[in-house]
Each structure stands twice: as C-alpha cells, then as structure tokens.
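Listed below, chain by chain, are the residues.
Protein chains: 2
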Amino acid sequence: MDQRITLITLGVSDLRRSTSFYEALGWRGQEVEETVFFQAGGMGLVLWSREKLARDSGVPGLPSGDGFDGIVLAQNLRSAAEVDELIARAESAGAAITRAPAETFYGGYAGCFADPDGHLWEIAFNPGLPLEDDGSLRIPELG
Amino acid sequence: MDQRITLITLGVSDLRRSTSFYEALGWRGQEVEETVFFQAGGMGLVLWSREKLARDSGVPGLPSGDGFDGIVLAQNLRSAAEVDELIARAESAGAAITRAPAETFYGGYAGCFADPDGHLWEIAFNPGLPLEDDGSLRIPELG
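Line order of the protein sequences matches chains A and B.
The first sequence begins at 1 in this note's numbering and counts up by one.
The second sequence begins at 144 in this note's numbering and counts up by one.
Please keep in mind that the hints were generated in silico from the structure rather than gathered at the bench.
Heads up, some of the hints might be wrong.
Okay, the calculated beta carbon distance ranges per label pair [claimed, not checked]:
| no. | chain 1 | residue 1 | chain 2 | residue 2 | range |
| --- | --- | --- | --- | --- | --- |
| 1 | A | 136 | B | 167 | 41 to 47 Å |
| 2 | A | 23 | B | 248 | 30 to 36 Å |
| 3 | A | 81 | B | 270 | 23 to 29 Å |
| 4 | A | 142 | B | 250 | 27 to 33 Å |
| 5 | A | 79 | B | 246 | 45 to 51 Å |
| 6 | A | 140 | B | 245 | 24 to 30 Å |
| 7 | A | 94 | B | 192 | 17 to 23 Å |
The beta carbon of each residue, even a glycine, is placed where N, CA and C say it ideally should be.
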C-alpha cells in the first residue's frame, strides 16, 4: 500500500453552512450533486452529508455520539484489481471490512475498511478523478 | 488561508496495535515519544493517544461516543504571526476556538478550532517540521 491519502471527506449536517464556513476562510470549491470538492495541496477535501457518508462507508452512524468519526480518509488507486488487492490486505491486517468492494454509483469500484479504532478508509478506483503520475489527486472541472 | 492540509492525526486507544496495523498494510513510520509519524504523499499521517489528542485540541473527548471525531486535520504555517491571523479569521468565520493560540511544548506556536460540525483543525507553526517551498510537509529524521 502506498503511503498516501488522496481524499478526506468531512461529514456535515448542513452543507450550506459548512460550505459558507470554508468559503469565509478563503477556500474555493466546486459543488456537484450536494457534494463540495476543494483542492487541498495534492489531495481533495470533500464536504458531504454526514448521514450519506456513514451509510456509504457501511457504518450505521446516525447523529453524533454514535462512534462514527464523521471523517473518511481515502486512497484512490488506478484499477479495480488494485482495490481488491488492498482491501484483502487490510482484512489480513485485521481491519473490519465495512463495505465489500463493489461497483459504485459514480462508475467506479470501491470498498471501505475500519482501522483498529474505527477510523474509516475508502479504497477506490474512480475514473472521474484520475491520479497524477506522482499519485497526487488533481480535482478536474466537475461542472 | 491556503487550501492545504499538512497533517492528519488519528487518535488511537492502543498505539502498539495501531502501529502494527498500519505496518501490516506496508506503511513505515518513525516513532518518537509515543507518537508515530508516517510520510503520506506531501503530508504526514500521525498516530497518537486519543485522550492526549482530545486534550491537546481543547475538547473534553474521553471514550468514543463523546462527539470527539478522534481525527484532527492540521495546517502548518511559517510563523506564529500567521497562526494568529488564521485563528482570528476562523473565529470571524464562526469557528469555535477550542484552544487559543499559544506556545507549545515542542517549541512551536499553535491553536485549534472546530468547524460547524466540530471537525477539528490545528493551525501550527512548528520549527521542527519545516515546510517545503510548495507548502508540502516532508517529515524529517526525528530520531
């Protein structure tokens, strides 16, 4: 597994409020389908519904105080085969697989695991978010 | 504020167990004073005691289920003055300042704020973790 994080998704309860907050700090992002993508150095910071994020990550996660971090780290890879390989390796390492690798609604392939403290990782192949040669992620024009 | 995350710290309940887990995934880090630093692309991923992380971030945060994410994003800057400026800006943007900027035990200067959902950011000047010209963070030999 490469030592790399390509996306961090923050679960938020009010997308408008959170987007305004980050904009007030000077961040500029792109909103697509109730999801806001900010370029953050060589990676992406994403704002998305906390409930959808929990569901999408395969954890029950309802309101806060439920043991769901509300944050998911992601490592994007270059193929579905690499996703299967890394999820299998995580399982061998003792991770709980919270979502088995499968095709995704965005035309990619991904799975999720929880580390020993329940911190979630999504391992994804997403043809819509291609990786640079050095493995960094440059968010394309999404509009 | 630059659109950049320089460190992600995962709060863990058993440093040994978590370090073994990430090592089993193939990650290699440096352990210094019960803290493990992994280079992760142009940033750092850090494992540290969940309780210490909560305390250090200015939130009560005891066991899980307390509303503490257990994850802190950080943006490292180049001076104490830049830290003050950004924390003030975050406060104007509506952030809760969970730890007012002050000198730190590692000879730096830092403060913490919570975004609208309580996701924590540490804004830090840390002379021991110098930034590259492009703003990325290269973890030095810490031994």
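Against the structure, the hints:
As the Cβ distance of residue 136 of chain A to residue 167 of chain B is approximately 25 Å, the hint placing it in 41 to 47 Å is violated. At about 34 Å, the beta-carbon gap between residue 23 of chain A and residue 248 of chain B stays in the expected band of 30 to 36 Å. The hint said 23 to 29 Å for the Cβ distance between residue 81 of chain A and residue 270 of chain B, and at roughly 44 Å that hint is violated. Distance hint for residue 142 of chain A and residue 250 of chain B: a CB-CB separation of about 42 Å, inconsistent with the stated range 27 to 33 Å.
One distance hint, 45 to 51 Å for the beta-carbon pair residue 79 of chain A and residue 246 of chain B, holds here, with the actual separation near 48 Å. Checking the proposed 24 to 30 Å range against residue 140 of chain A and residue 245 of chain B shows it is violated: the Cβ atoms sit about 41 Å from each other. In this structure the supplied range 17 to 23 Å holds for residue 94 of chain A paired with residue 192 of chain B, their Cβ-Cβ distance being about 20 Å.
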